[in-house]
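Undergrad: Taking the numbering used here, I'd label the letters of the sequence shown as residues 1 to 82.
Among the hints, a few may not be true.
Label-pair ranges, simulated between beta-carbon atoms [to be verified]:
1) P16 to S82: 18 to 28 Å
2) T57 to V11: 15 to 25 Å
3) S82 to G17: 18 to 28 Å
4) S54 to G17: 16 to 26 Å
5) R1 to G65: 25 to 35 Å
6) V11 to H31: 27 to 37 Å
7) Q64 to R1: 28 to 38 Å
Please keep in mind that the hints were generated in silico from the structure rather than gathered at the bench.
Just so you know, even glycine gets a beta-carbon here, dropped at the ideal spot from N, CA and C.
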Amino acid sequence: RNAGVLVMNNVAPPPPGSVYQMWLIDHAGPHSAGVMNDKAIGPSTTAVLPDLGSSTTLAFTLEQGTGSTQPTSAPFAQLTLS
């Protein structure tokens, strides 16, 4: 309950020195839901989102280093949560 599982297939790894960061977005704004570096991306990648809360959107950004406390660019992908 109140959780989600994300499965992605054939996703290219992020460029060296960066990560894909997942954001759960609710009425208060974006909250980090974790990062995926090049080692976390495979032919099939699974991520568990344990606490969706009142989030309405899952978004993805490309972030430098090990991630960010807030998105530094517009999301390159978004999924509406229902």
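Undergrad: Confirm or reject each hint.
TA: Cross-check of the supplied hints:
1. At roughly 36 Å, the beta-carbon separation of P16 and S82 lies outside the given 18 to 28 Å, and the hint is violated.
2. Under the hint 15 to 25 Å, the C-beta atoms of T57 and V11, about 19 Å apart, fit the expected range.
3. Restraint check, S82 to G17: a C-beta distance of roughly 35 Å breaks the suggested window 18 to 28 Å.
4. Taken as a hint, the range 16 to 26 Å is violated for the pair S54 and G17, whose Cβ atoms sit roughly 34 Å apart.
5. At about 34 Å, the beta-carbon gap between R1 and G65 stays in the expected band of 25 to 35 Å.
6. Look at V11 against H31: about 22 Å separates their beta carbons, and that is not inside 27 to 37 Å.
7. Take Q64 and R1: their Cβ atoms lie about 35 Å apart, and the range 28 to 38 Å holds.
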